[in-house]
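Student: Residue numbers (numbering that gives the first Met the number 0), protein chains in the order written: chain R, 0 to 167; chain B, 0 to 570; chain E, 0 to 693.
Mixed in with the good hints there might be a few duds.
[What the hints assert, rightly or not] Have a look at the derived ranges for each label pair, beta carbon to beta carbon:
1) B:Ala452 <-> R:Glu118: 56 to 62 Å
2) B:Gln164 <-> E:Glu506: 50 to 56 Å
3) R:Gly23 <-> B:Ser485: 51 to 57 Å
4) E:Pro41 <-> B:Pro312: 53 to 59 Å
5) B:Pro312 <-> R:Leu144: 30 to 36 Å
6) E:Leu42 <-> B:Ala533: 45 to 51 Å
7) B:Ser485 <-> R:Thr36: 39 to 45 Å
8) B:Pro104 <-> E:Leu637: 56 to 62 Å
9) E:Leu42 <-> B:Glu166: 50 to 56 Å
10) B:Ala533 <-> E:Leu692: 49 to 55 Å
11) R:Thr36 <-> B:Pro104: 40 to 46 Å
12) B:Gly280 <-> E:Glu181: 44 to 50 Å
13) B:Gln164 <-> E:Glu434: 43 to 49 Å
[As the list claims (entries may be wrong)] Heads up, simulated DMTMM-like pairs for lysine to aspartate or glutamate below, C-alpha to C-alpha not over 25 Å straight-line:
14) E:Lys307 <-> E:Asp143
15) E:Lys517 <-> B:Asp204
16) B:Lys424 <-> E:Glu557
17) E:Lys228 <-> E:Asp215
18) B:Lys519 <-> B:Glu166
19) E:Lys415 <-> E:Glu385
20) R:Lys68 <-> B:Glu166
21) E:Lys415 <-> E:Glu472
22) B:Lys519 <-> E:Glu518
23) E:Lys364 <-> E:Asp382
24) E:Lys130 <-> E:Asp110
25) E:Lys450 <-> E:Glu472
FYI, nobody ran anything at the bench for these hints, they're computed from the structure. Virtual Cβ for every residue (Gly too), placed ideally from N, Cα, C.
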Amino acid sequence: MLLAGAAGTIFPFQARGSLVARDGQIIGSNLIGQEFTSPRYFWGRPSATSPTAYNAASSSGSNLSATNKGLVQAVRERIARLHAADPTNTAPVPTDLVTASGSGLDPHITPAGAAYQVERVARVRHLDPKRIRALVEQQTEGRQLGFLGEPRVNVLRLNLALDALERS
Amino acid sequence: MSWPNLLQYAVFLLIVALLVKPTGTYLALVFEGEKTLLDPLLRPVERLLFRLFGIDATEQMDWKRYALCFTLFGLLGTLLLYSLLRFQSVLAGSSSAYLTTPLTPDLAANTAISFATTTTWQAYGGESTMTYLSQMVGLCAQNFLAGAAGLALGIAFIRGLVRQQTEMLGNFWVDIVRATLWVLLPLSLLGGIVLVWQGVPLNFDAYTPITTLEGRQQIIAQGPVAALEFIKNLGTNGGGFFNVNAAHPYENPTPLTNFLEMLAIVVLPAAFTHTFGRLIGRPKEGWVLFGVMTALFLAGLLACGWVEQTDNPRIAALVSSVSSPPSGNLEGKEIRFGIGGSVLGAIATSNGATGSYNSMHDSYLPLGGAVPLVNMLLGEIIYGGLGTGLYSIIIVQVVALFLAGLMVGSVPEYLGKRIGVAEVKLVALYTLLGPMVVLILTALAVVTAGGKAGLTTNDGFHGLTEILYAYISSFANNGQNFAGLSANSTFYNLTTSFAMIIGRYGQGVVALALAAQFAKQVRRPFTSGSLPTATVQFAGFLIATIFIVGGLSYFPVLALGPFAEHIRLSR
Amino acid sequence: MQTSTKPNPLKTPESSKLQRRKVDGTGIYRRAIAESFVKLNPLTLYKNPVMFVVLVGTLVTFALTINPDLFGSQPGTRLINGLITGILFVTILFANFAEAVAEGRGKAQADALRRTKQDTLARRILPGGQKTEEVSSTQLRKGDFVRVIAGDLIPGDGEVLEGVASVDESAITGESAPVIKEPGSDVASTVTGGTRILSDSLVLRITSNPGEGFIDRMIALVEGAKRQKTPNEIALTVLLAVLTEIFLIVVATLPPFANFVGAPVSIATLIALLVALIPTTIGGLLSAIGIAGMDRVAQFNVIATSGKAVEAAGDIGTLILDKTGTITLGNRLADEFIPVGGHNGRELASVARAASMFDDTPEGKSVVKLAVSQGATNGYNLDGAESVQFTAQTRMSGTDLSNGVVLRKGAVDAIKRYVVDQGGETPPDLDAATERVSLLGGTPLAVCEGKEIFGVIYLKDIVKPGIRQRFEELRRMGIKTIMLTGDNRVTASVIAAEAGVDEFIAEATPEDKIRVIKENQAQGKLVAMTGDGTNDAPALAQADVGVAMNSGTQAAKEAANMVDLDSDPTKLLDVVTIGKQLLITRGALTTFSIANDVSKYFAIIPAMFSAAGIGALNVMGLTSPNSAILSALIFNALIIPALIPLALKGVEFKPLSANQLLTRNILIYGVGGLIVPFICIKLIDIVVTAIGLA
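Just chain R, same shape as in the assembly (with noise of 0.2 Å):
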């Protein structure tokens, strides 16, 4: 009530959902996840909202059981799909990217899971691996005054710079 207007006027970004423009077009928050589901953008976790991924309008983790066939069943899917997209990929394939998250709308990965990202990323953009593997660098957030949570990649905040990187 109050509060509403001392927030708005002192964090007036924050306070309207944090959106982030491009070219002067809306296209997201800093803290929404996206769906990326082309092999040139580094995907985000499984989402497990409905009816589509990512639906930020009714948030929703998946609710299987560590015990749940589904979620095996989904696993197995997740993990096929990231292999086909870059069949050469022989790494173990990190957890989070495998995983639905708790919200539907985790805009992170980890650090690991980028990493996993980095060549399929190059080679379909035609950049050099390094590159992109120093902007993910750039993009990781370390943990909040050194041991608050856990290291993370915002991944549109990393797709756009890698939109930028391209362009330039």
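Starting from the known structure of chain R, arrange chains B and E on it as the hints suggest.
Tutor: The following block gives chains B and E in isolation, referenced to the frame of chain R:
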């Protein structure tokens, strides 16, 4: 567990410990009506409110009247919220096109009850059900008022142990006004601003439609999230603005917000132990309770964290032959929190009678998910709900003291108050309520079609756990869930409502009656023959009692739920 | 607790031969076995919720033994159902047996008392007072007058109006030495029905109707006929009942869960689980503990009118004791002569000896004895001397010699006045001597010959040996002791310090007693006191635990809730211990009983749900589901008789701090309660498997 996670836990508990004394003292001052820094600002508001509602601040209430006010207040809140929810579509609405879940009478009633009881159980998804008006005027207001009512109940219980030869436990109206003005409002204002800084939105914008990088349409739900976010934790309510609650990046955008929100859940109930110790004139008693709570909290953190950092063996088998170090069970968790922040959330929310989980407990490994389940089954005594957590643990302590007192050869007493027939009867009734409601409703659900229909995601051992989780969460006024259970059905809306009401009012009224029994008595002097309760030995005995009283009631169903599932998973 | 056999320094040799109250064991057990079956009656068993549930369970499993498919097709066999039925039935018998044994001891005592209570012929004095008629003692009513003569059994409780006689009261007190009864005195004027007059004759006024006399009340008490549950016992019963209800819910909701996960269970197994879980151990022993507590008090020759009083004794916070007779030996003894006015010790001793020659009190005798040992000379010719008795007015006594010399000893101020009246002077060092004696806690007596004061006798109060240690024990238990005395402050403070009491009230009146009791009660403490006189009765009634001496008046005995047949006030300390033991035994066995459930769960649950694949929880490695269930149940049944001795004897009470005591008992009964059944159930399982039961 990685050292940053351990450090996070250590810092968390250290901050809580450091806050206990100042916060607890402040609470004591507030409820004793003594001078505080905020007086110049709030005294006039208080007087205004008293005049507006015709509250006689000097009136003292016996337990029956206090209980009546407490219950009526809840009933009134429930009715108001119910009407608001039922008519929200007629009233000023927002983005009503996205509100796909209809507020049926049973869902509206369930929601109204759940907010009045600080359960804030979510049978609905916030962004797909509630208008901003409902969120702000209805849910947010109840977050304050129901939280304040819990605090009032707690302070009345303390008075029962402090006072002598009286039946009066204070004035309910004065207590909730002071709880709201002096405690909840200032803290949530402060907390709210920090949350906005970290990225929690606070607007009344329409849901934002955007085109994503890959050209897809995405509609981003918006709203006055920050206004609700802090108080829902502070008041140990926990009903999320969004469906996935604190896992949603808008509710909980950074590890820091996660840390602060979890702190908000724990601080007041933890500090309340000191309020108690201070008012009773024996701060050590408060510290021992705090110590016991903290030890159990830490045990839960370590147990759950240890389980969750391991891989789900079935997934590990798929992703790679070598999985070292294990990435942990990430299904249903957010990367920014990782295992450490998620588990901290699971333990803080399950212990703090708060539903604002930040990861999907349903997808935890069987034993990992068992930890929040057990926390709730133990009776929300580890910090617990705002105000209610204290009497929950004291009632277990009374059971422990009854046996311990006998074992040292004296007629049992607590803080100089006799534990006689009347007291034991009330404690027995209180203790009986939990197993009675939770086990019978769970049994009912697994034998009826309506109950089994909720198991749309998981089945078998895990299905049993889901249902048990739903009822203990309702009864404990926690509100978190194993969300795979489709709980928005007439069956679950009605049965969980019943559990919430008994958990809140059944237990609350019994606690007040017990407080009155204590208040009537003279405090017997402490002699060398009295059993000191502020000792390591007694704290140990209390912990054993907590586990035995809780464990004996729920061991069989736990064996058939999480334990059986764990054995199956590891096979 | 071994107090009963510990030599009590304060006990007279006569009272220690009260082995009469130890009753013949085999008879009790034989009777108890029979009683165990009588007690199966559901109407009486209903009062014990825990055992009643077992009875219902037994009936159901019995039905399932006859027809295993009674409630639809069930897993499980007739044999197993039959075995379960048998074990459950034995469980109830064991619990009944425990109670019967405890009661049996009281009954045996009651029988002994009843034998003294035969109908006798009484000589009722007819109106007019001259003639008597012979009537049966049962026809006597309150207010009747009777005459008893040597050899008669006294026909009822009464008050002596005329005569002096010796009476044998051994039937009640066990004390064989006869007591003298005479009218007028507080203590000696009451007689009890069933005792025997040995010499002379008495005229009595009967003070109770038939069936309401002292012996009748005693019989009822030791028999436990009117035994009411104490508040604490009720509270515990509530707790046990609620535990039972919780387990009923737990067990009743299990079949839905079990069916849901596809691991159905049989009803017989469910009942087995229920009985194993509900607190049968403490439920079966609870009343035995209470009865045994009363009985232990009785073995100390104390009759408690209610279990509540015994329990209250265990929790008293303040103990009020008379100084004289309780803390100190009744008599003060001469300890020292302090000469004044230039006289020497030998002169003083001589005067004191002569002045006390006719003083037959222990004090007087002690003066003579001390004087002789100090070299008193026979300087006074006592031939034809006359005794001057002590009176409240003169406050002195002495000897008038035939040669006109007057010798006196008495209260210092009385002697002073006496000397001054005759024109004498008080020696300047008299006051210093007097004060010195007071500071030592003694009573000073001045001695004079004619108008000349020779000196002061220091009469010393002798604190009973061993009393200090007992107060020490009390203090460790958290009990405050208050000494009441008529002495002045200085004297009282010295005795208080010497005896080690916490507080004292000097120059106390009977009203002070009530005031002190009320003050302590207002602080929420339970107060115990001892008393014997009629003027103690209000205070005895006011106190939470009032112990009347059997030698005391009827009024005192009626006001008190305990009567000490040996009239030994320090025995209250033993009663306190028994009260504490009573509570400790209940607490310890409840804790033990509840702790046992953990291992029973680990025995039964994995066995029950082996179909659900939770065999990994079978941490004890029990052979088979059936053997696991049977072993847990057999343990559950056997633990009851195994604990009967402990229930009857009581858990040992050590005068430790509450915290130490808690630690100790938690280790023994809590941790022990966790571990013991794991071991025992495993052993029983081995035996069950070996003999091929399951």
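Student: Are the hints correct? Go through all of them and say.
Tutor: Evaluated hints:
1. B:Ala452 <-> R:Glu118: 56 to 62 Å: Given a distance of about 47 Å, which is not inside 56 to 62 Å, the answer is violated.
2. B:Gln164 <-> E:Glu506: 50 to 56 Å: violated (32 Å)
3. R:Gly23 <-> B:Ser485: 51 to 57 Å: violated (43 Å)
4. E:Pro41 <-> B:Pro312: 53 to 59 Å: holds (54 Å)
5. B:Pro312 <-> R:Leu144: 30 to 36 Å: For R:Leu144 against B:Pro312, whose Cβ atoms are near 34 Å apart, the range 30 to 36 Å holds.
6. E:Leu42 <-> B:Ala533: 45 to 51 Å: holds (48 Å)
7. B:Ser485 <-> R:Thr36: 39 to 45 Å: At 29 Å between Cβs, range violated.
8. B:Pro104 <-> E:Leu637: 56 to 62 Å: holds (58 Å)
9. E:Leu42 <-> B:Glu166: 50 to 56 Å: With a Cβ separation near 40 Å, E:Leu42 and B:Glu166 fall outside 50 to 56 Å, so the hint is violated.
10. B:Ala533 <-> E:Leu692: 49 to 55 Å: holds (51 Å)
11. R:Thr36 <-> B:Pro104: 40 to 46 Å: holds (42 Å)
12. B:Gly280 <-> E:Glu181: 44 to 50 Å: violated (58 Å)
13. B:Gln164 <-> E:Glu434: 43 to 49 Å: holds (46 Å)
14. E:Lys307 <-> E:Asp143: violated (34 Å)
15. E:Lys517 <-> B:Asp204: violated (72 Å)
16. B:Lys424 <-> E:Glu557: Judged against 25 Å, a Cα distance of about 34 Å means the pair is violated.
17. E:Lys228 <-> E:Asp215: holds (21 Å)
18. B:Lys519 <-> B:Glu166: Within the cut-off at roughly 6 Å; holds.
19. E:Lys415 <-> E:Glu385: Distance of about 22 Å is within 25 Å: holds.
20. R:Lys68 <-> B:Glu166: Judged against 25 Å, a Cα distance of about 59 Å means the pair is violated.
21. E:Lys415 <-> E:Glu472: Roughly 44 Å between the alpha carbons, so the hint for E:Lys415 and E:Glu472 is violated.
22. B:Lys519 <-> E:Glu518: Within the cut-off at roughly 18 Å; holds.
23. E:Lys364 <-> E:Asp382: holds (19 Å)
24. E:Lys130 <-> E:Asp110: Given pair E:Lys130, E:Asp110 is violated - Cα atoms ~36 Å apart, limit 25 Å.
25. E:Lys450 <-> E:Glu472: violated (51 Å)
Of the hints listed earlier, those the structure fails to meet are numbers 1, 2, 3, 7, 9, 12, 14, 15, 16, 20, 21, 24, 25, in rising order.
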